[in-house]
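**Student:** Read off the chains here:
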Amino acid sequence: MSNTIRFDVDADGIATLTIDVPGQSMNVIGAEFLTDFSAAIDRLSSDAAVKGAVIASGKASGFMAGMDLKGMEEMLLPQEGGGKLAMATLFDRVFTLNAILRRLETCGKPVACAIEGICVGGGFELALACHYRVVSDSSKVQLGLPEILVGLFPGGGGSQRFPRIAGTQVALMYMLQGKLFRPAEAAAIKVVDAVVPAGTTIEAAKAWLLANPAASVQPWDQKGFKFPGGVGSMNPAFAQTFMGAVPMMAKEAQRNMNAPIALLSAVYEGAQLPMDRAIRIESKYFAKVLAQPQARNMVRSLFVNKQAAERGARRPKDIAPSPTKKLAMLGAGMMGAGIATVAAQAGIEVVLLDRDMAAAEKGKAHAQEVLSKRLGKGMTPEKMADILARITPVTDVADLTGCDFVIEAVFEDPAIKADITKRVEAVLGADTIFGSNTSTLPITGLAKAWSKPENFIGIHFFSPVEKMPLVEIITGEKTGPEAIAKALDFVAQIKKTPIVVSDSRGFYTSRCFSTYVQEGTQMVAEGVNPALIENVGRQLGMPVGPLAVSDEVSIELGHKILAATKRELGSAYKGTRADDVIEQMVVELGRLGRKNGKGFYDYPEGGKKALWPGLTEHFPRAAHQPTPEQVRERLLFRQLIECARCYAEGVLAAPEDGDIGAIFGWGFAPWTGGPFSHMDTLGAAKIVETLDRLAQEQGERFSPTRQLRDMATSGATFYPAKAKAAA
Amino acid sequence: MEAYIYDAVRSPRGRGKNDGALHEITPIALVSQVLAALRDRTGIDTADVDDVILGCVTPVGEQGADIARVAVLNADYAETTAGVQINRFCASGLEAVNMAAAKVMSGEADFAIGGGVESMSRIPMASDGGAWATDPAVAYKTYFAPQGIGADLIATKFGFSRTDVDAYAIESQKRAKRAWDEGRFVRSVLPIRDVIGEVVLDHDEHMRPDADMQSLGALKPSFKAMGEDMPGFDAIALQRYPEVERIDHVHHAGNSSGIVDGAAGVLVGSKAMGEKYGLKPRARIRAMGSIGSEPMIMLTGPESIAHKLLKRAGMGKNDIDLWELNEAFASVVLRYMQALDLDHDRINVNGGAIAMGHPLGATGAMVLGTALDELERTGKGTALINLCVGAGMGTGTIIERL
Numbered sequence: 001m002s003n004t005i006r007f008d009v010d011a012d013g014i015a016t017l018t019i020d021v022p023g024q025s026m027n028v029i030g031a032e033f034l035t036d037f038s039a040a041i042d043r044l045s046s047d048a049a050v051k052g053a054v055i056a057s058g059k060a061s062g063f064m065a066g067m068d069l070k071g072m073e074e075m076l077l078p079q080e081g082g083g084k085l086a087m088a089t090l091f092d093r094v095f096t097l098n099a100i101l102r103r104l105e106t107c108g109k110p111v112a113c114a115i116e117g118i119c120v121g122g123g124f125e126l127a128l129a130c131h132y133r134v135v136s137d138s139s140k141v142q143l144g145l146p147e148i149l150v151g152l153f154p155g156g157g158g159s160q161r162f163p164r165i166a167g168t169q170v171a172l173m174y175m176l177q178g179k180l181f182r183p184a185e186a187a188a189i190k191v192v193d194a195v196v197p198a199g200t201t202i203e204a205a206k207a208w209l210l211a212n213p214a215a216s217v218q219p220w221d222q223k224g225f226k227f228p229g230g231v232g233s234m235n236p237a238f239a240q241t242f243m244g245a246v247p248m249m250a251k252e253a254q255r256n257m258n259a260p261i262a263l264l265s266a267v268y269e270g271a272q273l274p275m276d277r278a279i280r281i282e283s284k285y286f287a288k289v290l291a292q293p294q295a296r297n298m299v300r301s302l303f304v305n306k307q308a309a310e311r312g313a314r315r316p317k318d319i320a321p322s323p324t325k326k327l328a329m330l331g332a333g334m335m336g337a338g339i340a341t342v343a344a345q346a347g348i349e350v351v352l353l354d355r356d357m358a359a360a361e362k363g364k365a366h367a368q369e370v371l372s373k374r375l376g377k378g379m380t381p382e383k384m385a386d387i388l389a390r391i392t393p394v395t396d397v398a399d400l401t402g403c404d405f406v407i408e409a410v411f412e413d414p415a416i417k418a419d420i421t422k423r424v425e426a427v428l429g430a431d432t433i434f435g436s437n438t439s440t441l442p443i444t445g446l447a448k449a450w451s452k453p454e455n456f457i458g459i460h461f462f463s464p465v466e467k468m469p470l471v472e473i474i475t476g477e478k479t480g481p482e483a484i485a486k487a488l489d490f491v492a493q494i495k496k497t498p499i500v501v502s503d504s505r506g507f508y509t510s511r512c513f514s515t516y517v518q519e520g521t522q523m524v525a526e527g528v529n530p531a532l533i534e535n536v537g538r539q540l541g542m543p544v545g546p547l548a549v550s551d552e553v554s555i556e557l558g559h560k561i562l563a564a565t566k567r568e569l570g571s572a573y574k575g576t577r578a579d580d581v582i583e584q585m586v587v588e589l590g591r592l593g594r595k596n597g598k599g600f601y602d603y604p605e606g607g608k609k610a611l612w613p614g615l616t617e618h619f620p621r622a623a624h625q626p627t628p629e630q631v632r633e634r635l636l637f638r639q640l641i642e643c644a645r646c647y648a649e650g651v652l653a654a655p656e657d658g659d660i661g662a663i664f665g666w667g668f669a670p671w672t673g674g675p676f677s678h679m680d681t682l683g684a685a686k687i688v689e690t691l692d693r694l695a696q697e698q699g700e701r702f703s704p705t706r707q708l709r710d711m712a713t714s715g716a717t718f719y720p721a722k723a724k725a726a727a
Numbered sequence: 001m002e003a004y005i006y007d008a009v010r011s012p013r014g015r016g017k018n019d020g021a022l023h024e025i026t027p028i029a030l031v032s033q034v035l036a037a038l039r040d041r042t043g044i045d046t047a048d049v050d051d052v053i054l055g056c057v058t059p060v061g062e063q064g065a066d067i068a069r070v071a072v073l074n075a076d077y078a079e080t081t082a083g084v085q086i087n088r089f090c091a092s093g094l095e096a097v098n099m100a101a102a103k104v105m106s107g108e109a110d111f112a113i114g115g116g117v118e119s120m121s122r123i124p125m126a127s128d129g130g131a132w133a134t135d136p137a138v139a140y141k142t143y144f145a146p147q148g149i150g151a152d153l154i155a156t157k158f159g160f161s162r163t164d165v166d167a168y169a170i171e172s173q174k175r176a177k178r179a180w181d182e183g184r185f186v187r188s189v190l191p192i193r194d195v196i197g198e199v200v201l202d203h204d205e206h207m208r209p210d211a212d213m214q215s216l217g218a219l220k221p222s223f224k225a226m227g228e229d230m231p232g233f234d235a236i237a238l239q240r241y242p243e244v245e246r247i248d249h250v251h252h253a254g255n256s257s258g259i260v261d262g263a264a265g266v267l268v269g270s271k272a273m274g275e276k277y278g279l280k281p282r283a284r285i286r287a288m289g290s291i292g293s294e295p296m297i298m299l300t301g302p303e304s305i306a307h308k309l310l311k312r313a314g315m316g317k318n319d320i321d322l323w324e325l326n327e328a329f330a331s332v333v334l335r336y337m338q339a340l341d342l343d344h345d346r347i348n349v350n351g352g353a354i355a356m357g358h359p360l361g362a363t364g365a366m367v368l369g370t371a372l373d374e375l376e377r378t379g380k381g382t383a384l385i386n387l388c389v390g391a392g393m394g395t396g397t398i399i400e401r402l
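Top to bottom, those sequences are chains A and B. Note that UniProt numbering has the first sequence beginning at 1, numbered continuously upward. Note that UniProt numbering has the second sequence beginning at 1, numbered continuously upward.
Hints should not be assumed to be uniformly reliable.
Here are the simulated DSS-like cross-link-like pairs (lysine-lysine), alpha carbons at most 30 Å apart as the crow flies [as the list claims (entries may be wrong)]:
#	chain 1	residue 1	chain 2	residue 2
1	A	Lys373	A	Lys496
2	A	Lys598	B	Lys224
3	A	Lys326	A	Lys377
4	A	Lys377	A	Lys179
5	B	Lys224	A	Lys608
6	B	Lys220	A	Lys608
7	B	Lys141	A	Lys251
8	A	Lys448	A	Lys422
9	B	Lys141	A	Lys288
Away from chain A, derived, C-beta distances all over 10 Å, residues of chain B [claimed, not checked]:
#	residue
10	Ala36
11	Gly43
12	Ala82
13	Asn87
14	Ala167
15	Glu245
16	Arg246
17	Ser293
18	Leu340
Bear in mind the hints are in silico, worked out from the structure with no lab data behind them. Glycine is no exception: its CB is placed at the ideal position from the N, C-alpha and C atoms.
Model the full structure from these sequences, guided by the hints.
**Tutor:** Shown next, in the form of structure tokens:
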């Protein structure tokens, strides 16, 4: 009895296989489905009354999302009894899907796939194993193979069938970028055979089956099959494609990711083999990728835990949902305008307050600018008008009446913030939840200006708000569960990814991220070749080098924050050589960063930026240069230890927040799955050993925490080490 | 046993395009004429030639299927003369001579011919494929980038500007012209004939003696687009050499070796063979060998093999009177001069491949002949011949004039 697939045969002898995996909002491929699907193929193949089949979905959400990654993540955890799974065992497991899909396409009956809605990953691979694909002409349809984005690659025959349909070059382009496509694009590259009005795909699929009763052999199983664009190492186009694909991939992934190079090999080797052997090659490379901790780390942080965070993993359970209806946005500067834009896009009414109307209007104009850039890319003039109509620029706090949530993004000055906080309370009352978008000021202090500090919370956005996926929620000493729930509901409304952290200087993200910049700057002070610092930073998997970041956020701002920190901490502040570089750059040399075209880089007009040659003069090149590995180790471990400190100090309550916050907040090397996953992978003993050595060589800033030392002794990890017993 | 050089012959180099003079000459015809000349000039009985070793870098199509053995048959050598085609990329021609010498030294051969052939106008470079550049696992592991990227990286890393490399190229052209004007190559160059016996080429066709800084300055860099944009090989280079901020793309057609057609051969034999035919040996092989070097930058092997050979021969740098390094790219020679602290007037004195071209499989044997001619012309004693090699190698030979 099949629980996940309904098998209905109509009067014409056409079977409809309706996939409806229970307990899931979207169909996913798990163990039960595979068993059911295998049985359905047997029946399809053996039942003489069945002439062909349509595969469709019973879910309104779409066709199918792909592998059950949560199940897969658990499969990849070290097993009870210890030890990693042997690659041969992994091969047997991952080949199951390939074997079933191969049986589908060789079952002797024509099979058509009726796609409505989302059809990605394993779902799309299933579709590729059908003899005919018909897709609905709807904006809800998304097709493609995005596995690469979570550290995997298409391992259900996709890396073999896609190139045989669309040609190697086209298929690689999509698979390497994990790029999804719409129906028209899919039809243009021939991965779908027909695009029909929504709701008519099954009908169209049946019509095709009745008209093509003998179409049960895939093109690649037919004699004389011509591989689109050519194939084989002696084929110049094929050879050129791979010669170019490696540097393009390596430029993007640097040399940190296992999946992209495995994908290239699977396609290169598999394309030159018959399908039965090609899918085995694919599964072998897939097993190799899965055998490395990287796959588990990336799937866990980039998919499973990210999704869990977005679905409210950190939300207090017993508080009723309280989506924001009307937002009081205080401050229409860059951040305020950005937040107003995303809120209005999410259907929230926004009252945008600033000191004068010109400033408030300017904030709204920003929204208009951002939205108009997207015209034609899913944005229409009508939608845009609706969104803009939801933003009301005002100057009088009295106009905030009726708002059920406040976000403050005014100048980073405690006195100015306290003043506006009090004035808003006078209008809305202290029962309203108040969020501050400060990036540096402690929340507990700011909360004093609101009579009910339990209703005060930090809600830290990243710039540019429209693009940056993370929101860091900060709880002050007295912040209560209602405030957390309200803030998280708001983040869910604007479809961003939240983490929840406790109050601390720089909270979690700014505090840890700044260590990357500081360590790079420290190396400048030591006379390390700046090109080496920058290249190694990027090669570590950071989005840009530390000096380039410093220029982007402005060295001057760094200088101001430094001065403020020194003032507040007084004699407790420990200066670094990096501070001296910042001081010299800003005060003596007038190099403020990108904003004045002069920073660690020069910014010639119309040309590419280049490292400022004067750096060598003012910070003379040391005779002995560190190796790239030494630079890499410092840039990486300086961040790791700060993250570990945040965890030890309770700034972070869970490693999940630490990993998601690092990757989506400051672009921390995604190949690691985040700092905590990476520390677990290396092991606390190795981490402590490295930190002790670095502390010896470089100073206390690398000293390991007590907690890490204890973990090294006990063998503990941040994440649970072993697979939970199957439920 | 010692190995002696009895003769060296090369074809002129024809422009490697479909308007080049040698484009109509098949590679087998080209190299057969060289083999015939070696036989006819020395008057040896080819039954005494145990083996013919020919370098060929793109051994496919009409250059495929062991062109050396087929050339032996086609040149009417004794049926007993064996033939083998080898590939050490750009140093194949010299490697063939080294192998011929090794056969003589070991007693395997009395006479052996080392040489090479490449008809680049007929069989395009790289048309033999290979795992190195196209198998993704291998390309990734070895940081593969085309050698022009390596040449530009050498210029950037070791501080040679566009002006430096262009000035070197102009000097190569001047020296080649002077050498031709003064007849310095006359002993070795064999005019090539067509099917009706007419000479189709008797001089190096690729030369541009009128090149100046202005004309070279107008040329666009050849490797900038593939380095910086599509597909972006510079990223690979910086991953291997992160101390370099960005690559300065200085090489172009005017300061890189020319694409040409050509063939060459060197007759190597034992002392007894010379005595048998009354041939005076022209030179003796003092040392020879190859070495591997870092493959991404690819072209820095020559300095390593130079050191290795000097040590092996028990010689110092000043014991070498004449230096030859194939002008694959200007930066390769400039870096070699910098690394070994050589004066420009002791190296490549008659120009090189930038002016005259680089028929891949044959060049090594050609430059050895050029060095030998120059030792004889000037009365000098020793020469070190050296080539940079694909995938990170260097091949060299030290000869001593007799």
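**Student:** Against each hint, give a clear statement of whether it holds in the structure.
**Tutor:** Now for the hints, and whether the structure bears them out:
Straight-line distance between C-alpha atoms of lysine 373 of chain A and lysine 496 of chain A comes to about 20 Å, which keeps the hinted pair within the 30 Å bound. Among the hinted pairs, lysine 598 of chain A with lysine 224 of chain B is consistent with the structure: their alpha-carbon atoms are about 27 Å apart, no more than 30 Å. With a CA separation close to 27 Å, the supplied pair lysine 326 of chain A and lysine 377 of chain A stays within the 30 Å bound. Our distance criterion of 30 Å between C-alpha atoms is met by lysine 377 of chain A and lysine 179 of chain A, whose separation comes to about 16 Å.
Taking the CA atoms of lysine 224 of chain B and lysine 608 of chain A, the gap is near 14 Å; set against the 30 Å cutoff, the hint holds. At roughly 19 Å between alpha-carbon atoms, lysine 220 of chain B and lysine 608 of chain A fall within 30 Å of each other, so this suggested pair holds. For the proposed pair lysine 141 of chain B and lysine 251 of chain A, the alpha carbon gap of about 14 Å is at most 30 Å, so the pair holds. For the hint pairing lysine 448 of chain A with lysine 422 of chain A, the CA-to-CA distance comes to about 10 Å; that is within 30 Å, so the pair holds.
Pair hint lysine 141 of chain B plus lysine 288 of chain A holds up; C-alpha atoms about 16 Å apart against a cutoff of 30 Å. Remark: the non-interface label on alanine 36 of chain B is consistent with the geometry, its nearest Cβ contact in chain A lying 33 Å away (cut-off 10 Å). Once the 10 Å rule is applied to beta carbons, glycine 43 of chain B is consistent with being away from chain A; the minimum gap is 44 Å. Look at alanine 82 of chain B: its CB is around 28 Å from the nearest CB on chain A, clear of 10 Å, so calling it non-interface holds up.
Distance check on asparagine 87 of chain B: its Cβ is at least 17 Å (rounded) from any Cβ of chain A, clearing the 10 Å threshold; non-interface status holds. Listed as a non-interface residue, alanine 167 of chain B keeps its Cβ farther than 10 Å from every Cβ of chain A; the least gap is roughly 24 Å. Some Cβ of chain A comes within 10 Å of the Cβ of glutamate 245 of chain B; the nearest lies about 4 Å off, and the non-interface call is violated. With a least CB separation of 7 Å from chain A, arginine 246 of chain B falls inside the 10 Å interface cut-off, contrary to its annotation.
For serine 293 of chain B, the shortest C-beta to C-beta distance to chain A comes to about 19 Å, beyond the 10 Å cut-off, and the non-interface label holds. The non-interface label for leucine 340 of chain B is consistent with chain A: the shortest C-beta to C-beta separation is roughly 24 Å, beyond 10 Å.
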